[in-house]
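There are 2 protein chains.
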Amino acid sequence: MSLDTLIEKIIEKQNPTVAGLDPKLEYIPRFLREESYAKYGKTLEGAADAVLRFNCALIDELAPIVPAIKPQCAYYEALGWPGMRALAETMDYARERGLFVITDGKRNDIGTTMEAYANAHLGKTDVDGERLTPFAGDALTVNAYLGSDGIKPLLGLCKQEDKGIFVLVKTSNPSSGELQDQQLKNGKSVYYQMGVMCEQWGELLPGAYVYSGVGAVVGATYPEQLRELRIEFPHTFFLVPGYGAQGGGADDVAPAFDASGLGAVINASRSILCAWQKENAPEQEFAKAAAREAVRMRDAITTRIGRIG
Amino acid sequence: MSLDTLIEKIIEKQNPTVAGLDPKLEYIPRFLREESYAKYGKTLEGAADAVLRFNCALIDELAPIVPAIKPQCAYYEALGWPGMRALAETMDYARERGLFVITDGKRNDIGTTMEAYANAHLGKTDVDGERLTPFAGDALTVNAYLGSDGIKPLLGLCKQEDKGIFVLVKTSNPSSGELQDQQLKNGKSVYYQMGVMCEQWGELLPGAYVYSGVGAVVGATYPEQLRELRIEFPHTFFLVPGYGAQGGGADDVAPAFDASGLGAVINASRSILCAWQKENAPEQEFAKAAAREAVRMRDAITTRIGRIG
Chain P
1 MSLDTLIEKI IEKQNPTVAG LDPKLEYIPR FLREESYAKY GKTLEGAADA VLRFNCALID
61 ELAPIVPAIK PQCAYYEALG WPGMRALAET MDYARERGLF VITDGKRNDI GTTMEAYANA
121 HLGKTDVDGE RLTPFAGDAL TVNAYLGSDG IKPLLGLCKQ EDKGIFVLVK TSNPSSGELQ
181 DQQLKNGKSV YYQMGVMCEQ WGELLPGAYV YSGVGAVVGA TYPEQLRELR IEFPHTFFLV
241 PGYGAQGGGA DDVAPAFDAS GLGAVINASR SILCAWQKEN APEQEFAKAA AREAVRMRDA
301 ITTRIGRIG
Chain S
1 MSLDTLIEKI IEKQNPTVAG LDPKLEYIPR FLREESYAKY GKTLEGAADA VLRFNCALID
61 ELAPIVPAIK PQCAYYEALG WPGMRALAET MDYARERGLF VITDGKRNDI GTTMEAYANA
121 HLGKTDVDGE RLTPFAGDAL TVNAYLGSDG IKPLLGLCKQ EDKGIFVLVK TSNPSSGELQ
181 DQQLKNGKSV YYQMGVMCEQ WGELLPGAYV YSGVGAVVGA TYPEQLRELR IEFPHTFFLV
241 PGYGAQGGGA DDVAPAFDAS GLGAVINASR SILCAWQKEN APEQEFAKAA AREAVRMRDA
301 ITTRIGRIG
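Residue numbers (this note's numbering), protein chains in the order written: chain P, 1 to 309; chain S, 1 to 309.
I should point out that these hints are in silico values taken from the structure, not numbers from a laboratory.
Fair warning: there could be bad hints in the mix.
Which copy is meant is left open, so a pair is good if it fits within one copy or across any two.
[To be verified] Think about it this way: if two alpha-carbon atoms lie no more than 30 angstroms apart in a straight line, the pair counts; the simulated DSBU-like pairs of lysine-lysine are: (1) K124 <-> K42; (2) K9 <-> K188; (3) K9 <-> K185; (4) K39 <-> K24; (5) K39 <-> K288; (6) K13 <-> K185; (7) K185 <-> K278; (8) K185 <-> K152; (9) K188 <-> K288; (10) K13 <-> K152; (11) K159 <-> K42; (12) K124 <-> K188; (13) K188 <-> K13; (14) K278 <-> K9; (15) K124 <-> K159; (16) K152 <-> K39; (17) K152 <-> K288; (18) K278 <-> K159; (19) K24 <-> K152; (20) K124 <-> K288; (21) K39 <-> K9; (22) K42 <-> K188; (23) K24 <-> K185; (24) K188 <-> K39; (25) K42 <-> K9; (26) K24 <-> K188; (27) K152 <-> K278; (28) K13 <-> K39; (29) K278 <-> K24.
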């Protein structure tokens, strides 16, 4: 259960990558934006319509190649409630095509408030007896600065609904060390302590493979920490951002995998979404260019790590 | 600038409290829910309509009493995109009535993604030349586990648009210590280190009072830490949850204030929203009961801390 579904899709497609759907408006070809503005004006509705059509075209081309997509909530929230509607519809569209959906929300709170986030993104909301689905994700990224009170409300739901989470452990950004690399009295770092907590929470969500339903976000830009964490936290599956545009390559992410080529899923967003710009392809070819880049990324990584599973 | 507007409203109303709008469906009187279901069915739209009408009635009664409201995003997201529309409309309604709006989203990410969150909640999104407002908050709660890369994208916008942020420092929940109380090599705690960073970020957003535009979330359930942090971080304004239903009282929150009665705003959610239930008042009186509880809370705190400003 939990992240098993993701692992199975990775093995089936022999591809340990996820396409990040971070649809900044400037990533979307002009013709597509203009079509949406013609219908809805230059409004949040118009922009959200362009995002949804961009995403669906990408999903059509990416679905045979990648096991998962990862929409980043921020870009949908930036388009207000129409953006959130486009997020929900993108997720439904992707799941109907067999993709695993990781909602990148980095949500965090405690108790019943965290339960509300869990229901929002991984479960159902009870409206006086009707159980309705707000956003149909398979896994959610979360921030555990608040401790177990912020994570436990997710675990029961994950068990029941067969879902997973990814906890921020060591992020890919230059300043991630300001807090995460601080040394504790026991000689370990803050991010190491977070990894310890992931392993503990994971005991409550064992999977069919060695990995639990509690994964960790560990950046591709810190290969040394990736190697250390892969060894120290053998039951924690990694979601690795920072590949491609952020600077990480196949060699940088290789330490995230175990000897079976499992243990991690590598995200790329901009390099896939903007492949048509980089290739200087006609803008109508944006989705096919994204698929070509997804294949290149898959091949670069699998050449390095070998057969998966 | 920044949190000055909040401080001015606190002085004007002689009330250092904020009403948390965390509209769980069971908090909403049945007659109101039934009216909304009659129009939209037991759907996310129906539930969101009930939430909006509940909030607007509360805001009408609370606006003369409290300086600010704090909607908790989780409860709106749990109603999908219709919930997010109710959030945006609640915020507009509150601001039109002169209330300061603190969006409790605990958002966090880095770089351009954090910029998207900043635009979503405190700024404007550029849709090919049209600058549109997704969610019109005055301040946003954020989680700084990712370091400066997650905060700096907010500061420029806060300066330009006269907005503020509240960074999670020491939260009110029982397990907050698992990470936040860990001792660093220098003998200080993780939450103290976070407070140090708040003071540093705050230097970029000086206010007209001694407080910067970078505030901190510090729970009412840890009065000792409140006292320590008030002294150590004299330029950081506190948002204090945990009053009322979570167990904190006027004595517990008093250490959050400086000698002028400034330095903090105390949040209560359930005790205000559910005052009609606790008072055994007729359900039609829910908003007036909320106002009575808001007055009781204001009086309990101001009796303890004296005249503000």
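Go through the numbered hints given earlier and state which of them the structure violates, listing their numbers in rising order. 2, 3, 6, 7, 9, 10, 12, 13, 16, 17, 18, 20, 21, 22, 23, 24, 25, 26 and 28
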